[in-house]
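J.: Residue-level listing of the chains:
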Amino acid sequence: MSAWEDAPGFVSLREGPEMPTVTIEAGQIREACLFARDELGFDMCVDVVATDYLEWGGKGVAGYIGTASGRDLNAPAAQGLQTLPALKPKRFSVSYHLLALRQGAPRVRLQAWVDDGEPVPSVVAVWPTCDWHEREQFDLMGIRFEGHPNLERLLMEEDWEGHPLRKDYPIGGEPVRFSEET
Amino acid sequence: MAVAPRRPRVRRWPIVGDPPYDGSRIPERVPTILDVPPHLEDSEDVFRINFGPNHPSTHGVLRLIVDLDGEEVVGLSAVIGYLHTGFEKTMETKTYWKCVTYPERIDYVGYQNNELVFVLAVEQLLRLEVPEKATWMRMLLCELNRIHSHLVYLGTSALELGAISMFWYCFREREMILDLFELVTGQRMHTRYFQVGGLAEDIPEGFYPECRKFVEWFPHALGDYLQLLDRNEIWLERTKGVGPLSAHDAIALGQTGPNLRASGVDWDLRREQPYLAYDQVDFRVPVYPEGDVYARYRVRMDEMAESNRIVRQCLDRIERMDGWPWIADDRKVVLPPREELHTSMESLIHHFKIVTEGFRVPEGEIYVAIESPRGEAGCYLVSDGGPKPWRVHFRSPSFVALEATPTCARDGLIADLIAIVGSLDAVMGDTDR
Amino acid sequence: MLGNWLPFLIYGLMALAIPASMIVMSFVFAQRPARRTRAHFVPFESGVSQGQMRPQRFTVSFYLTAMLFIVFDIEIVFLYPLAVRLHDLGWFGFVEFAFFILILLVAYLYIWRKGALEW
Amino acid sequence: MADRLRDYGLQSERLLWPTKGPSKFEEEMGVDELEQALGLTTLEKAVRWAQTKSMWPDTFGLACCAIEMMSIVSARYDIARFGMEAFRSSPRQADLLIVSGRVAHKMAAPLRQIYDQMVEPKWVIAMGACASSGGMFNNYTILQGVDRIVPVDIYVPFCPPRPEALMEGILRLHEAHNAGVPPAYERRGVAT
Chain A
1 MSAWEDAPGF VSLREGPEMP TVTIEAGQIR EACLFARDEL GFDMCVDVVA
51 TDYLEWGGKG VAGYIGTASG RDLNAPAAQG LQTLPALKPK RFSVSYHLLA
101 LRQGAPRVRL QAWVDDGEPV PSVVAVWPTC DWHEREQFDL MGIRFEGHPN
151 LERLLMEEDW EGHPLRKDYP IGGEPVRFSE ET
Chain B
1 MAVAPRRPRV RRWPIVGDPP YDGSRIPERV PTILDVPPHL EDSEDVFRIN
51 FGPNHPSTHG VLRLIVDLDG EEVVGLSAVI GYLHTGFEKT METKTYWKCV
101 TYPERIDYVG YQNNELVFVL AVEQLLRLEV PEKATWMRML LCELNRIHSH
151 LVYLGTSALE LGAISMFWYC FREREMILDL FELVTGQRMH TRYFQVGGLA
201 EDIPEGFYPE CRKFVEWFPH ALGDYLQLLD RNEIWLERTK GVGPLSAHDA
251 IALGQTGPNL RASGVDWDLR REQPYLAYDQ VDFRVPVYPE GDVYARYRVR
301 MDEMAESNRI VRQCLDRIER MDGWPWIADD RKVVLPPREE LHTSMESLIH
351 HFKIVTEGFR VPEGEIYVAI ESPRGEAGCY LVSDGGPKPW RVHFRSPSFV
401 ALEATPTCAR DGLIADLIAI VGSLDAVMGD TDR
Chain C
1 MLGNWLPFLI YGLMALAIPA SMIVMSFVFA QRPARRTRAH FVPFESGVSQ
51 GQMRPQRFTV SFYLTAMLFI VFDIEIVFLY PLAVRLHDLG WFGFVEFAFF
101 ILILLVAYLY IWRKGALEW
Chain D
1 MADRLRDYGL QSERLLWPTK GPSKFEEEMG VDELEQALGL TTLEKAVRWA
51 QTKSMWPDTF GLACCAIEMM SIVSARYDIA RFGMEAFRSS PRQADLLIVS
101 GRVAHKMAAP LRQIYDQMVE PKWVIAMGAC ASSGGMFNNY TILQGVDRIV
151 PVDIYVPFCP PRPEALMEGI LRLHEAHNAG VPPAYERRGV AT
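Protein chains in written order, with the numbering used here: chain A, 1 to 182; chain B, 1 to 433; chain C, 1 to 119; chain D, 1 to 192.
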């Protein structure tokens with residue numbers, strides 16, 4: 001939709017199968033959300049999701065005989081991908097899924113790209129529901145939302161170190177005996 | 001600091017009827033924490049109790065830290081995470097075939113809807129055509145699952161408010177539904193009957209008369225419930241006007257599903273954004289403007305009647321679909337039938353590839369939302385072209401329903417808090433994921 | 001000497017024996033471990049209790065309601081002797097107690113208007 | 001109290017130890033036939049029989065198994081036939097802790113505290129695959145089996161177990177207790 005061109009901090013617009021994805025600069029997320037809510041009528045924020053793209057496409061493309069380590073049937077995708085996935089601008093993507101309560105239920109995904117440690121302005125002032133969403137993403141993914149009234153861990157214990165959903169965080173749990181894991 | 005929309009929204013279509021209160025009751029400092037008012041701050045009369053993880057009426061392991069002044073709730077904050085099962089991390093290490101059975105355990109009361117949302121997301125990324133019989137059967141089972149979920153809600157929340165006999169009535173009907181699930185899928189709960197591409201098995205013939213019997217009987221059962229509860233003085237006293245939530249607050253707090261429709265917002269994804277075959281089925285969407293515990297109870301009762309009508313219409317359509325394909329035949333994704341393996345080499349190769357490495361989903365990210373019994377259940381799926389999902393995130397309606405607890409419980413009594421937590425119908429597995 | 005008091009005595013002894021036997025049996029057959037864990041002395045707070053519950057004050061509204069209940073409950077107790085001796089007292093007894101009820105009715109209306117019954 | 005199971009001269013724990021041969025005084029007339037003939041019983045057996053007839057479970061519903069645990073109270077499966085209808089919510093009045101669902105690490109401390117606050121004799125049933133062994137979640141937050149923090153008497157498999165499966169677990173517990181098998185915390189020293 002061309003209406004997104006004059007959104008504050010607008011970077012790019014990509015039409016997705018079910019909703020457009022608007023990339024917004026990380027610093028201006030709050031203004032973009034206010035713009036979306038007041039001008040374009042997206043009055044419900046459905047979800048705030050952070051995704052970690054560390055080693056994205058790291059498995060490389062499978063040649064005819066497979067990657068250097070060869071085919072390991074027990075480790076799916078050991079043979080690598082058919083095509084190298086598109087490179088991502090930064091490591092973390094924070095996506096805000098918005099929904100407008102209108103005819104046809106228009107939806108949009110505002111995406112901000114941040115690196116490890118870069119803060120993202122909190123949108124709790126725009127939609128109070130984002131309070132727990134942002135706390136959960138801080139807890140599991142380690143994205144700091146500055147301006148959040150109560151940014152603490154939500155799901156893990158208070159004294160838990162590390163952010164479990166990061167790609168460099170081990171899956172944890174106990175090694176299964178008699179499998180190569182031990 | 002909760003900023004109301006700048007232009008006072010003129011009341012347009014989705015908002016119906018006048019709200020129980022105007023202005024906003026969302027706590028100012030932090031939207032999800034009700035702070036003790038300053039004049040009570042240092043008085044020793046405020047009594048802090050743990051409405052803790054092991055409590056008969058918190059529907060699972062929710063912990064509410066409640067500050068009481070006498071019997072009035074003056075401070076409330078929720079602590080969740082006692083059932084955090086790390087679904088999203090575990091699903092990143094499993095192939096898509098194995099991932100299908102995880103979402104059922106997230107919202108373990110409306111389990112088939114959760115499985116549906118993941119399967120739909122994968123199918124849309126794959127741009128896979130699902131045969132008509134599978135679509136209609138999925139819709140039938142999801143509506144039965146909605147009735148099952150509302151029955152568990154009604155049974156437990158009425159039990160907490162003293163109507164103990166409701167528990168036995170509701171679980172009697174629930175057993176009938178579980179028999180139907182067992183007849184079709186072989187398992188009472190967590191049926192894993194939806195496959196990427198259609199259904200796991202064909203529908204046994206015995207299912208149609210059984211389902212017909214349930215569909216005929218259920219309106220009488222609903223009549224029993226209404227007779228039991230609707231004119232029961234105690235029930236009305238405990239639910240009418242308790243825990244009000246206005247339309248603006250509900251939208252600001254991201255409420256969806258029965259909680260939203262009970263606050264006077266006429267919004268149902270099955271009608272606004274039809275998925276499966278909901279546009280070819282006619283049903284009514286109940287809306288009540290009062291936004292209190294009674295309105296949420298009424299919305300769920302009417303929804304059960306509507307779901308029963310949908311099941312009846314699906315049954316009529318599916319009965320004429322005998323012998324139709326029940327799963328897509330795209331060999332790259334769907335396992336070939338057993339007998340084909342003995343004859344054709346390609347099927348053997350496809351079978352081998354799918355079983356060892358799992359089918360690959362083209363690169364991309366997608367967010368699919370459906371109307372689960374609790375509200376909008378969404379699945380955000382990012383795939384890097386490999387056989388394992390790169391990132392899966394489930395938008396959980398119970399997660400936002402619990403955010404509304406402080407707003408609804410504001411200046412209510414401790415007894416109302418039990419009614420409110422029951423009426424928001426939050427399932428802890430869905431909240432903690 | 002006992003005369004018609006004997007059944008009452010037997011009944012009293014039975015009423016005494018049953019609870020006593022329960023208490024004795026719960027000590028005789030108890031399978032208590034020698035050393036009790038700390039958790040046994042910590043109050044049950046849905047599983048997350050830190051330590052001894054610090055004594056918390058109750059608000060006065062509980063006390064007020066209890067007092068009101070006692071006042072109006074004892075009022076009924078006074079009616080028993082009247083009911084037993086109603087024939088002998090006749091109209092005098094009736095008027096006497098009507099006056100007694102009237103006084104309490106005034107008190108009831110007073111606290112009702114003052115809103116002491118609202119919770 | 002003889003500490004080794006082998007010395008329990010009772011027949012019916014064959015269910016736990018099928019290969020156990022007849023013990024010392026069973027060669028002559030069996031103990032049970034003798035007691036049956038004379039209509040005698042030991043005080044301990046009578047107490048055990050009484051305990052199994054009213055073993056009150058603690059409502060410890062965690063996840064999906066809690067929904068199935070609720071349905072054993074419903075009319076169709078009706079656990080009241082075995083004297084267990086009263087689901088007590090406070091551990092002080094509960095004898096049996098049915099851990100129904102997956103136990104996250106954050107929930108382990110409250111679970112342990114509730115187990116400690118229960119009054120002896122107490123039993124634990126690990127209901128479902130997740131409580132017995134972590135089930136299909138082998139990750140950073142799920143405890144791989146409840147027996148890491150509390151001594152478990154009966155493991156009920158399946159995910160979620162059918163109400164009949166849970167009731168069979170409970171009946172096995174009653175049989176074992178009647179047969180004289182002591183509760184788990186006496187056999188294994190996890191409980192202090």
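Do not rely on the hints blindly, as some may be mistaken.
Capping the alpha-carbon separation at 20 Å, the derived lysine-lysine pairs in PhoX-like fashion look like this [said to hold, decoys possible]: (1) A/59 with B/94; (2) B/353 with B/98; (3) B/98 with B/332; (4) B/353 with B/332; (5) A/59 with B/240; (6) A/90 with A/59; (7) B/353 with B/94; (8) A/59 with A/88; (9) A/167 with B/94.
Everything labelled a hint here was simulated from the structure, so no lab data went into it.
J.: Does residue 98 of chain B pair with residue 332 of chain B here, judged by a C-alpha cut-off of 20 Å?
T.: Judged against 20 Å, a Cα distance of about 16 Å means the pair holds.
J.: Taking 20 Å as the top limit, are the C-alpha atoms of residue 59 of chain A and residue 94 of chain B close enough?
T.: Since the Cα atoms of residue 59 of chain A and residue 94 of chain B sit roughly 16 Å apart, the hinted pair holds (cutoff 20 Å).
J.: Straight-line Cα separation of residue 353 of chain B and residue 98 of chain B no greater than 20 Å?
T.: Since the Cα atoms of residue 353 of chain B and residue 98 of chain B sit roughly 14 Å apart, the hinted pair holds (cutoff 20 Å).
J.: Can the restraint linking residue 90 of chain A and residue 59 of chain A be considered satisfied, given a maximum Cα separation of 20 Å?
T.: holds, 18 Å
J.: Is the Cα-Cα distance between residue 59 of chain A and residue 240 of chain B 20 Å or less?
T.: violated, 59 Å
J.: Starting from residue 353 of chain B, check that the Cα of residue 94 of chain B is at most 20 Å away, please.
T.: holds, 15 Å
J.: Does the alpha-carbon distance linking residue 353 of chain B and residue 332 of chain B stay inside the 20 Å limit?
T.: holds, 8 Å
J.: Can you confirm whether the C-alpha distance between residue 167 of chain A and residue 94 of chain B stays at or below 20 Å?
T.: With Cα atoms ~14 Å apart, residue 167 of chain A and residue 94 of chain B stay inside 20 Å; holds.
J.: Residue 59 of chain A and residue 88 of chain A: Cα distance at most 20 Å?
T.: holds, 15 Å
Against the hints set out earlier in the document, a violation occurs for number 5 only.
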